[in-house]
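Participant: Protein chains in written order, with this note's numbering: chain A, 5 to 353; chain B, 604 to 909; chain C, 69 to 470.
Read the hints as simulated data drawn from the structure, not as lab findings.
Please read these numbers as outputs of a predicted model, since none were measured by experiment.
Yeah, the Cβ is synthetic: ideal placement off N, Cα and C, and Gly gets one too.
The reader is advised that the hints may include incorrect statements.
Unchecked claim - If the Cβ cut is set under 7 Å, some of the chain B residues that face chain C in the computed set are:
(1) Gly724
(2) Asn795
(3) Ser799
Said to hold, decoys possible - So, partial list: chain B residues that the calculated Cβ filter (under 10 Å) puts toward chain C:
(4) Glu605
(5) Ser655
(6) Trp723
(7) Tyr727
(8) Thr732
(9) Ala744
(10) His819
(11) Ser826
(12) Gly877
(13) Ser898
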Amino acid sequence: MKRYPQLRMLATIALLLLLPFAVGTMGNAWVRILDFALLYIMLALGLNIVVGFAGLLDLGYIAFYGVGAYTYALLASPQFGVHWPVWLILPLCAAIAGLFGALLGAPTLRLRGDYLAIVTLGFGEIIRIFLNNLNSPVNITNGPQGIASIDPIAVAGVSLSRTLNVFGFEVHGLYLYYYLFAFVALLIVVVSARLQDSRIGRAWVAIREDEVAAKACGINTRNVKLLAFAMGASFGGVAGGLFAGFQGFVSPESFSLLESIMVLCMVVIGGMGHIGGVIFGGLLLAVMPEIFRYSAVPAQQALFGKVVIDPESLRMLLFGLALIVVMLYRPAGLWPEPRHRRELAGKKS
Amino acid sequence: METFIQQLFNGLTVGSIYALVALGYTMVYGILGLINFAHGDVVMIGAMVALSVTRPLVGVLPGPLVLLIGLVVAAVTCMLLGFTIERVAYRPLRKAPRLAPLITAIGISIVLQQLAMIIWGRGYHPVPTLLPGGMHDLLGAQINDLQLLIIATAAVTMVALMLLVNRTRLGRAMRATAENPEIAALMGVNINRVISATFVIGSALAALAGVMVSSHYGIAHYSMGFMLGLKAFTAAVLGGIGNLGGAMLGGILLGVIEALGAGYIGDLTGGVFGSNYQDVFAFIVLIVVLVFRPSGLMGERVSERA
Amino acid sequence: MPFSRRHLPLSIVAAAIISTLVTGCGKSSDQAAAPAAETGPLVIKIGQASPLTGAQAAIGKDNESGARLALEDANAAKIKIGGRDVTFEMISEDDQADPKQGTLVAQKFVDSKVSAVIGHLNSGATIPASKIYSDAGIPQVSPSATNPTYTHQGFKTAFRVMANDEQQGKALGKFAVEALKVKNVAVIDDKTAYGEGLANEFRKYVEANGVKVVAAEHTDDKSIDFTAILTNVKSKKPDIVFYGGMYPQAGPMVAQMKKLGIPAKLLTGDGGCALEFLHLAGDAAPGNYCSLPGVPLDKMPGGAKFAERFKTRFNMPIQQYAPNAYDAAMVVVEAIKRADSADPAKIVAEMPKTNMPGVTSTITFDENGDIKNGAVTIYQYSTDGKTAVETIGGTAEAAAAK
Chain A
5 MKRYPQLRML ATIALLLLLP FAVGTMGNAW VRILDFALLY IMLALGLNIV
55 VGFAGLLDLG YIAFYGVGAY TYALLASPQF GVHWPVWLIL PLCAAIAGLF
105 GALLGAPTLR LRGDYLAIVT LGFGEIIRIF LNNLNSPVNI TNGPQGIASI
155 DPIAVAGVSL SRTLNVFGFE VHGLYLYYYL FAFVALLIVV VSARLQDSRI
205 GRAWVAIRED EVAAKACGIN TRNVKLLAFA MGASFGGVAG GLFAGFQGFV
255 SPESFSLLES IMVLCMVVIG GMGHIGGVIF GGLLLAVMPE IFRYSAVPAQ
305 QALFGKVVID PESLRMLLFG LALIVVMLYR PAGLWPEPRH RRELAGKKS
Chain B
604 METFIQQLFN GLTVGSIYAL VALGYTMVYG ILGLINFAHG DVVMIGAMVA
654 LSVTRPLVGV LPGPLVLLIG LVVAAVTCML LGFTIERVAY RPLRKAPRLA
704 PLITAIGISI VLQQLAMIIW GRGYHPVPTL LPGGMHDLLG AQINDLQLLI
754 IATAAVTMVA LMLLVNRTRL GRAMRATAEN PEIAALMGVN INRVISATFV
804 IGSALAALAG VMVSSHYGIA HYSMGFMLGL KAFTAAVLGG IGNLGGAMLG
854 GILLGVIEAL GAGYIGDLTG GVFGSNYQDV FAFIVLIVVL VFRPSGLMGE
904 RVSERA
Chain C
69 MPFSRRHLPL SIVAAAIIST LVTGCGKSSD QAAAPAAETG PLVIKIGQAS
119 PLTGAQAAIG KDNESGARLA LEDANAAKIK IGGRDVTFEM ISEDDQADPK
169 QGTLVAQKFV DSKVSAVIGH LNSGATIPAS KIYSDAGIPQ VSPSATNPTY
219 THQGFKTAFR VMANDEQQGK ALGKFAVEAL KVKNVAVIDD KTAYGEGLAN
269 EFRKYVEANG VKVVAAEHTD DKSIDFTAIL TNVKSKKPDI VFYGGMYPQA
319 GPMVAQMKKL GIPAKLLTGD GGCALEFLHL AGDAAPGNYC SLPGVPLDKM
369 PGGAKFAERF KTRFNMPIQQ YAPNAYDAAM VVVEAIKRAD SADPAKIVAE
419 MPKTNMPGVT STITFDENGD IKNGAVTIYQ YSTDGKTAVE TIGGTAEAAA
469 AK
C-alpha cells in the first residue's frame, strides 16, 4: 500500500465514514463516546504542538478548552441573549483561545522546564477560578451554576442535535456531530502535519532540542515560542467551542487540573511529537476507560462472585499503573516519532 | 489589629506546613532535577498510617507519647515507600526523556491515592487531639500549642537539613551529585546510594508534615495530599527550587499571602474580589516573581544549559 | 513485509470495524423482530441513574434501592395498561456524578427505549442529561437534584420531587429570621453550583427581611483550612454563620470556629446534614443547625412503615434520598396508570396532573415541574445525633403532623 498514497487516503476516509455505523450497532451511547474521543484527540493534537513539537511543558492546557467552550456558550445562549451562527463563533473561539495562549506565553518566555510547568499549571487554575467567580458583581459566566440551554451547532441551517432524514434514512444527530468533529480533527491533523514540516516546525524542533543553539542559528525564539503557545491554544479553543455546542451545558468543573493531566498523558503515552501516536494516545485514553467500565463489574462478579474493588478505583488504579509501566518500557511513548527511530538506527527507513 | 495578628499567625502556620512539604520537594529536585509529583501523596500516607497506629492507643498511653509512636511508625513506612518509589519508578528513567519521569510521578500519585482509598475508605477521618490544646492569647489573637509546635518544627527541620547538606559527608556527596552526577561517581561517590538517601530523608519529612497537618486540622483523607503537594511545590518554586532556605521562605510567604489575601482582598477592593480569589493571588504572585527572577527568590541563576 | 509497523494500527482498526459490522448486522435484525408480540404481559422499562461507583456510591445505591422498591410495589399491585398485565423493569446505570457520563447514560436510556427516567442524583449530571431526555420526549423525575436551573430550562419533560435550592434557601432564611431572630449573619459558600446557589437564596431572603449580611466569604469543596476566612468572620461578630456546602467542610469548619473562639452557631443545608458531621466536628457539633428537604419520615403517615420495609428488603437502613427516589418512581407509575400507556409522550402529558400522597410529602408540580410548596425540615445537632426542630412549608397534613 505504501506505493499508493491516494489509496491509503481513500481507505482512511472510508474507515472514518463507516466507523460510527460500526460502533452504533452497540447503541448510540457508543457513538457519543466516539464523539468525545474526537474532542480529546483535537485537544491532544493541540497540546502536542506545545509539548511535542516545541518541547514546552504545559500543565494548564485545559484552560484553553475552557476559554473556547465559554466563548461559544456566551455567544450562543440565553445568557446574554445573543445567538451567533457557529461559523462565526468557531474562528472566534480559536482566536480568543490563541490570544490567551500568547498571554500565557509572554511572561513565561524566560522560564524553562519545571518553572514553566508550575506557571502553566497556575495559569490553568487562574482561568478556572475566574470562570467560577465571574458571576458577581457583574454576572458574566454564571459562576459555578454554569451556562445551560446553549444553542446546538447548526451547519447550513441544519441543527446537528436533531435526527436528519436523508433519502428515507434516519441519521441521528450524534452521527452528524461525529462527521463534523472528524472533519475538524482532520483539518487539525493536516495543519499540524504541514506545520511540522514547515520552517516554523523545524524551528520548534530546534528549540526543543537546544534553545541556545537555535538562537545562535538566527531563530527568533521569542516569536516562535509564542506562536507555539498560540497555535496549540487555538486548537484547544476550537475543541472547546465544539464541546459547548455538543453538550449544551458548560460549567467550570469540566476544566479541572485533572483534565489537563489527562490530555498530557494522551500526548506522552501516545508518542510526543508524533501526530499518529498522539491520535492513538487520545483514542486509547478516551475509549479504554469506557470499555473498562462495562467489563469491570461483570468480570469481578465472575471471578469472585461479588464486586471486591469499586470499579472506579480499580479503573484509576490501573490507569496509574499503566502510566508507570508504559513510561518504564516505552519512555518515548507507545508509537513514537519515526524520526527518533531513524536517528537511533542511523539510517533512513 | 487583633485580626491582623490572627491572620498573620494563620498564615505562618499554614506556611510552615507548606515549607515542611516543600523541603522534601526541593531536596529531590536539587539532586535529580525531578518534580516528585507523588510527594504530596506520601504526606497523605504518613497521615493515614499515623492515624491507624494512634487510634487504638488513644486513652491507653499519654497523648504526646501516642503522637510520637504514630510519628515514628509513619516515618518508617514513608521512608520505605520513598525508597521503593525511587527504585521502581524513577531510577530506570534517569536517562529517559525529561517528561517520562514526570508521567511516572503522576502515575505513582494516582496509585497511592487509589490504594489509600481501598485501604482506608473514601470517608473523611477525624483525627484525635493528642496534645494538650493550650490556647494563648496574643494581643487578642488565639494561638494554640500545636501551631507553635508546627512553626518551630519547620524552622528546626530546615536548620537540621542545612547542617546535613553543608556539614556532613553525605551532604557533600549530595552536593557533588547535584553538581554533576558523572563526575561525582568518578570521584568515588555512590550516587545511587546518595539519591536513595535523599528520597528516604524527604519521605521522613513528608511523614512529619502529614502528622502535623492532620493533627492541626483534625482530619485525614485519601486525597488530602494532592492539593497540599501542589501548593508546596508552588512554594518551593517561589523560593527557588533546589534551595532549602528558599523552600522555607517560599512556604511562609505563600501561607501569609494566602491568609492576608483571603482576609483583606474583600475590604480593599470593596467586595469586587473576595476570598474566592485566594488561590489566584497566590499564583499571580508566583508568576510576577518568576517574571523578574526566573529562578525564584533565592534560586541561583543557572546558566542556560541545553 | 506486507504490513510495515507504520500501518499496523490502521489495519487493527480496519479489522475491528469489519468484525463489528459483520456481527453487528446480525444483532440489529434480531432487535427488529422483537416487538412483534402484542399479547402477554407488557414490559415497561424505567431507567434509574445515580452514581453507583466513586465517591458518592453509597447514596447512589440508596437512590437505586428506593426506586427498586417502588417498582417492586407497582409490580405486586398487578396494574393493567390497555387491558394487559404490566411488568416494570428497572434499568439502572452509573453516571458517576459526572456531567459527561450523565449524557452517556442518558443516551443509553434513549437507546433502550425506556418509558421514563428516575434520576439523576446530582444537579451536575442531571442538567446536561435533561436535554437529551427532552429531545427524546422521555419524562424525567429527579429525586434529589436541587439546582433550580434543571427545571427552568423550559423542558416539558423535567420534574423533581424535592424542594430545590431556592425553596430550601428560603426556608433556611425564614428559620434564621423568625425562629432564631438573628440580626447579623455571615454567609460562607463553597463556590459549587449547590453551595453557592443555596447561600445566595438564603442571603436574598434574610436581606429582604432586614437582616444584615456582615461577612460574605468563600472556600472550595476540597479545602480543610478555614482559619483565614473565619478570622474575618470573627471580627464582624455575626449572630449566626450560614454555610452553603457539604459536610466534609461543614464539620471541620465548626471545629475551627470553636478554636478561634467564635460564639455563633453554624446553619447549613442538606449537604451538611449527614451524621458524619458529628465525627468531623467533634465536641463542637452540638447546637449547630442543618436542614433536609421533606418532612421527617417518622412524622409522615406511612413513613415509619416505609423505613421498616426498606430495611427488611435491602438489609440496610435508608442512607439519604431513598424515600425521594421511591416517590419519584411512584409519580411515574401513577402517571403511566393515568395515561393507560407506556408511550413516553402520553406519560409526559399526564405528569403535570400528579397529585399523590408520597412518603416524603404530598406531591404536586408547579408549571416548571418543581414540587409545589416543598417542605423543608430544620434539625439541630446534639452530641450524638440530630433532632427535628421545625418543618417549614409543606402540605396541610405535614403541618398537622407536627
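Participant: Determine for every hint whether it applies to the structure shown.
Facilitator: Hint by hint, here is what the structure shows:
no.: 1; hint: Gly724; in the structure: violated (10 Å)
no.: 2; hint: Asn795; in the structure: violated (35 Å)
no.: 3; hint: Ser799; in the structure: violated (32 Å)
no.: 4; hint: Glu605; in the structure: holds (8 Å)
no.: 5; hint: Ser655; in the structure: violated (16 Å)
no.: 6; hint: Trp723; in the structure: violated (14 Å)
no.: 7; hint: Tyr727; in the structure: holds (5 Å)
no.: 8; hint: Thr732; in the structure: holds (8 Å)
no.: 9; hint: Ala744; in the structure: holds (8 Å)
no.: 10; hint: His819; in the structure: holds (9 Å)
no.: 11; hint: Ser826; in the structure: holds (7 Å)
no.: 12; hint: Gly877; in the structure: holds (6 Å)
no.: 13; hint: Ser898; in the structure: violated (29 Å)
Of the hints listed earlier, those the structure fails to meet are numbers 1, 2, 3, 5, 6, 13, in rising order.
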